[in-house]
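Trainee: Listed below are the residues making up each chain.
Protein chains: 2
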Amino acid sequence: MQELKTALVSKKSSEDANSGAFPMTPIGTVRSCFSTRNGTPRQPLLVTEARSCVVLYPGGIPVEAFEGLGQYSHCWLLYVFHDNTDLQRLWIKPGHRDFKAKIHVPRLQGGKMGVFATRSPHRPCPIGLSVAKIEGVYGGMLLLSGADIVDGTPVLDIKPYLPYCDSVSVASAPSWVKAGGSEDVLAMKTVDFSESFIRDLGASWKSMEKYSLYSSPEELQKLLKQVLSRDIRSLNQRERPHTAKLSEVSDIFSKISSDPADLDVEGAGSSDEKELSAQTEKFLQVTRDSCTNGEVLYNLVIEGVNVSYTQDSEGHVVVKACTVLQHLNTPDIRNCRRGFTS
Amino acid sequence: MQELKTALVSKKSSEDANSGAFPMTPIGTVRSCFSTRNGTPRQPLLVTEARSCVVLYPGGIPVEAFEGLGQYSHCWLLYVFHDNTDLQRLWIKPGHRDFKAKIHVPRLQGGKMGVFATRSPHRPCPIGLSVAKIEGVYGGMLLLSGADIVDGTPVLDIKPYLPYCDSVSVASAPSWVKAGGSEDVLAMKTVDFSESFIRDLGASWKSMEKYSLYSSPEELQKLLKQVLSRDIRSLNQRERPHTAKLSEVSDIFSKISSDPADLDVEGAGSSDEKELSAQTEKFLQVTRDSCTNGEVLYNLVIEGVNVSYTQDSEGHVVVKACTVLQHLNTPDIRNCRRGFTS
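Top to bottom, those sequences are chains A and B.
Each residue of the first sequence is one higher than the one before, counting from 1 in UniProt numbering.
Each residue of the second sequence is one higher than the one before, counting from 1 in UniProt numbering.
Any given hint might turn out to be false.
In this list, chains with the same sequence are indistinguishable; a pair is considered to hold if it fits within one copy or across any two.
As the list claims (entries may be wrong) - In the SDA-like style, the derived pairs of lysine to any residue whose C-alpha atoms are separated by at most 20 Å in a straight line are:
1. Lys100 <-> Gly152
2. Lys102 <-> Gly139
3. Lys225 <-> Gly202
4. Lys102 <-> Thr280
5. Lys100 <-> Leu186
For the record, the hints were derived by calculation from the structure and aren't laboratory data.
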């Protein structure tokens, strides 16, 4: 990401000037319970148990900028869809000249719509807009619930939600948005937790507790239930469920361990390490068993915990196992946790 | 504006890379009935008669990007506060290091709030967010009403308004927002039009009709009534009304005529020109009379028409005179007009 931006600004000025781009500097970062794009809700306020916070960059905007914000119940977050796979194409060829105007919409079963008729993250100007509930301002951090934003997202702006102009009671949306909404195609019938998962989570909790935004394994389980009560799989996974293979699960582990930025630096070499690999081994065993039974095991990473679940065609979800992939041990997360659990 | 951006991108790359700015390329421009910041409503949907449209840049995003948007009643516009007086400071010193965290709030009678607790345009990342009513898509233009956006604003993104997540029925705002809201401090008691204004507008209409987003002088008058039904004066003007002087009115004329970009290029040297200067002379006479009577004459430029009005301490507004400052004669405006009046 940083390399791309550096490359961009060092391009010859004539080209950039023609593109007419405005340089927008983020004010801070979202720390969120959603570790990856997969599992991050598709709309805000659907997962009310979701916790996150905005942390201002040190040396940037003073904390006083938050003054008065706690008097509102909700706020808007404007942020960069920094995790998009098409960012490179977008920013290396500015001016949108080969931008695709129409995109596939999951709710239209693969049908296409103009990009401005959707809230897809793949937009000519990759700015996201989400409403979130304000839980409070704690030591220079804005504590939020209900945000549908992935951990590490750069924040461009925060605006208070003004009910008298933002809440448009007469607004309407086309039927394909309503019909395909959360109450419908994407809604799951049941979400159950296997006994082994509950045991796993209890065991994992001991090592992850001090890095969690939640106060107990039960709270974390409640979050998981909300997240999985809607189909979080990609269109691809939904269309071809049996291509999800054991290799994909292994990929998660190799990805995590090969990227030093994802690793818990302070925890490296600590006594937790042995326990983590024991958990991983057990997790992989569950995965092997599932594959043997012909069941497809899906994965979701929340708060650095890899959770595996099955989902049948009737909309019944069973959570099977979990293992701690990494400890979220940064000063931001520790402060954020203190705000939520104090 | 273009010079500033060029200067920015040609700065040495190391400095820019540190600032971590994201290059955001606008997709198009807002053409709006609000010619200047003064008079542009402080919130969206207050002035329902306000007409505007988004015009995509030629050669950029294809028109198909609008497909399906007309099925929604409302949309969000994300745009650059390009007319801010503090943009230069903001972008030449990126990283927000000397950014002021608290700002004066008109509704707090000069009191201060953290910038993120306000919707002020003077923000660390100068992105605006407004909801507007969708009137239709016409030949690659998105026709809107109720937008509180000044003519010429660069648009970064358009998103459909999703009632089920954007309209938060339980949201609340602090009392200083409600108490100082449009229904209160800023609301005017009456807005009347002098006979001479109505004559002026009728006479002006002949020359401006083909460049207006409205179909009759009566429609334009209705817009004016809505705009002036709230105090549009700056905090400065409200606190010291008697510093508004004849010289300020003259300034408007000299500013317009000294900036070739503001002039109607096609109309230059045409037969309309003599008529425009006759109107201007008459307008200045009204202004001189007002100053002689000790009344303060305020100005508002809408659709290139300079409108002067008085406002007493009881909240009574009288519109006195108008004159055409410039003809909005661009292909964009002509197309936009066709969409609205067809």
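Trainee: If a hint holds in the structure, say so; if it does not, say that too.
Mentor: Cross-check of the supplied hints:
1. Lys100 <-> Gly152: neither (27 Å within a copy, 25 Å between copies)
2. Lys102 <-> Gly139: Between copies, since 17 Å is at most 20 Å while 43 Å is not.
3. Lys225 <-> Gly202: This pair counts as within: shortest intra-copy Cα distance 16 Å, inter-copy 66 Å.
4. Lys102 <-> Thr280: Neither: 42 Å inside a copy, 49 Å across copies.
5. Lys100 <-> Leu186: neither (26 Å within a copy, 45 Å between copies)
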